[in-house]
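For the protein sequence lines, the chains are A and B, in the order given. For the first sequence, my numbering gives the first residue as 1, with consecutive numbering after it. For the second sequence, my numbering gives the first residue as 1, with consecutive numbering after it.
No lab work stands behind these hints: they were computed from the structure. It cannot be assumed that every hint is accurate.
What the hints assert, rightly or not - Chain A is faced by these chain B residues, among others (derived, beta-carbon under 10 Å): (1) Cys8; (2) Ser14; (3) Phe17; (4) Tyr29; (5) Val78; (6) Leu79.
All C-beta atoms, glycine included, are put in the ideal place defined by N, C-alpha and C.
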Amino acid sequence: MQRVEDLPEIMTPDQAAEYLQVNRETIYRYIRDGKLDASRLGRSYRVPRRSLELLLLATRTRPYVKYREYPDEQIEQFLADDVLDGDALAVARTFDRATGGSFFAAERGDAPADSTR
Amino acid sequence: MTLAPTTCLLFDASCLFAAAASPEGGSSYTLSVCARGYLQAVVSLDILIEAERNVVAKREADALYRYRGLVEAIPFVVLPSPTEEAVEPHEGVFFEDAHVVASALAGQCDFLITLDRRLQRRVEQSSLTFTALSPREFLQMVLPTHPEYPRIRQQS
């Protein structure tokens with residue numbers, strides 16, 4: 001049996017079907033229905049292995065865990081509420097500068113010290 | 001409560017989504033504080049899946065790259081999926097967010113960081129052991145109580 005780490009990162013629909021042990025029409029249907037992320041290169045599809053793993057995780061038979069699908073209006077609200085301004089921005093700038101963070105390094109004109117941003 | 005590097009902040013999918021979509025926002029900054037070891041960032045496997053599905057569905061590839069970069073760069077404590085017994089008691093009040101609440105309790109988290117106002121309100125109205133705040137509120141009200149903040153403020 002092939003080990004998971006030996007499987008290709010990018011698969012054809014046939015390889016994806018073999019991996020999930022379904023037929024290739026099922027793979028095409030998952031792609032059409034938006035359940036499986038794939039890229040269309042010319043006339044053929046390629047499926048990242050990560051998308052297949054995500055599909056398996058997301059379709060686990062656990063009806064007690066439901067995933068939210070955020071509507072566009074809610075996403076707009078999230079992003080508006082996430083804007084750093086006022087007191088929060090002042091605290092963040094102070095904390096960042098004094099602890100050697102790099103989040104505001106560009107506006108301070110410093111060279112970035114870490115890559116967490 | 002006194003903030004410490006062991007103070008646990010559970011980030012829900014709305015914050016992870018916002019951090020991927022907006023690298024200059026409050027979620028991203030709060031995660032960067034955790035990344036530098038001042039606080040402990042916590043997620044669950046389900047929260048990671050929920051966030052990634054929304055990023056894939058609603059954003060372009062650059063946000064997905066940022067999301068994956070965040071997941072790799074931040075030393076998250078990743079909680080396992082909560083059991084049915086842990087989720088079920090919260091379904092009546094929290095609906096689809098019951099798994100988030102179950103994880104926050106299982107992980108003994110101090111804060112739930114969320115941009116979802118409805119979830120935050122529901123947590124406020126329930127007697128739970130953690131506090132739900134938006135990243136902006138956390139930065140404004142809680143980060144200045146970090147034991148190092150007075151010294152930091154004096155220095156700056």
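Hints versus structure:
Annotation: cysteine 8 (chain B) was flagged as interfacial toward chain A, and the flag is violated, the nearest CB pair being 18 Å apart, outside 10 Å. Using the Cβ-Cβ criterion of 10 Å, the hint placing serine 14 (chain B) at the interface with chain A is satisfied: the shortest such distance is roughly 5 Å. At a threshold of 10 Å, the smallest CB-CB gap from phenylalanine 17 (chain B) to chain A is about 7 Å, leaving the interface hint in force. For tyrosine 29 (chain B), the shortest C-beta to C-beta distance to chain A is roughly 5 Å, which falls under 10 Å, so the interface hint holds.
Interface hint at valine 78 (chain B): violated, since its Cβ lies 13 Å from the closest Cβ of chain A, which is beyond the 10 Å cut-off. The interface hint given for leucine 79 (chain B) is violated, since its Cβ lies 13 Å from the closest Cβ of chain A, which is over the 10 Å cut-off.
In summary, the numbered hints that this structure violates are 1, 5 and 6.
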